[in-house]
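**Student:** Mapping of the sequence shown onto our numbering: residues 1 to 234, in sequence order.
Calculated directly from the structure, the hints in this document are not laboratory data. Heads up, none of these hints are tricks.
Only pairs whose alpha carbons sit at most 25 Å apart, straight line, appear in this in silico DSS-like list of lysine-lysine:
1) 178 with 194
2) 174 with 194
3) 108 with 148
4) 198 with 169
5) 168 with 194
6) 194 with 163
7) 148 with 169
8) 169 with 194
9) 108 with 92
10) 168 with 198
11) 197 with 178
12) 80 with 92
13) 178 with 198
14) 148 with 197
15) 197 with 163
16) 197 with 168
17) 194 with 148
Have a look at the derived ranges for each label pair, beta carbon to beta carbon:
18) 60 with 105: 38 to 44 Å
19) 95 with 53: 42 to 48 Å
20) 88 with 111: 20 to 26 Å
21) 119 with 91: 17 to 23 Å
22) 177 with 105: 40 to 46 Å
23) 100 with 77: 43 to 49 Å
24) 98 with 168: 27 to 33 Å
25) 91 with 176: 32 to 38 Å
Backbone N, C-alpha and C fix where the C-beta goes; we use that ideal spot for every residue, glycine too.
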Amino acid sequence: MSTQGKKKEQSYVYVEESKGTSTSILDIFKAEGQKSVFKKSSKQVQKEIYGVGGLVSYPYNPDNFLILNESNSVFASCVKQIAKDVAGLGWKLVLKEGKKENETEREKIQGLLDRPNPHDSLRTILNELLIDWGIIGWWGLEVVRDAKGEIAELYHTPAHTFKIHKEKKKFFQKRGMKEVWFKSFGEEENISAKDGKKGERSQNKNLQDTFLPLPKARWDLKRFCRLQYRLLNQ
Numbered sequence: 001m002s003t004q005g006k007k008k009e010q011s012y013v014y015v016e017e018s019k020g021t022s023t024s025i026l027d028i029f030k031a032e033g034q035k036s037v038f039k040k041s042s043k044q045v046q047k048e049i050y051g052v053g054g055l056v057s058y059p060y061n062p063d064n065f066l067i068l069n070e071s072n073s074v075f076a077s078c079v080k081q082i083a084k085d086v087a088g089l090g091w092k093l094v095l096k097e098g099k100k101e102n103e104t105e106r107e108k109i110q111g112l113l114d115r116p117n118p119h120d121s122l123r124t125i126l127n128e129l130l131i132d133w134g135i136i137g138w139w140g141l142e143v144v145r146d147a148k149g150e151i152a153e154l155y156h157t158p159a160h161t162f163k164i165h166k167e168k169k170k171f172f173q174k175r176g177m178k179e180v181w182f183k184s185f186g187e188e189e190n191i192s193a194k195d196g197k198k199g200e201r202s203q204n205k206n207l208q209d210t211f212l213p214l215p216k217a218r219w220d221l222k223r224f225c226r227l228q229y230r231l232l233n234q
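Whenever a hint applies, use it, and build me the whole structure from the sequences.
**Tutor:** Below, the structure written as structure tokens:
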């Protein structure tokens, strides 16, 4: 049977207006580029990602990953080997291309990296950061400044002990019954180490955390020192 000359059948839906007249709902959408008159909005209850004090909730309990690391020797071995491969091969400073050598600046960063704190070597700190990344998924580095505001020491901060605030300008750490707040690295305004409120001295401590992929962990050290050199693995 030939269908030539026949008009294509079209379905219509009608809505009743308050005045009692019927209007095709398709007429509403005839104007080119006109937006839908229906408001699209999900009625589902949104997941609460912020906890007490505006702290970002953990997506998973970090303690579970620590248990996994302790109970699964294969997983633990993989994490340690990756950390060793990245942090355990040594390092050197290389002047960035196009920059002029500054001996004073080089000695400053070299001294910091040779002795980042009285107890740990740079290799040890990097190894701990990378193990945290492999087990928990992020890592933390505490940056301590001296009375002049210059970076004096670096410390590993266990990843399972701290949370970031929703504004991403401060961090909260809890170990047992002890609690302390840190401001994010680079933030000018001081906060209280006791309650995280602005305008109070924070004991010259900053916490820098990162969610970057594993290999980039070592590159972030140059940002802490604000120098013209690159940190390379040998």
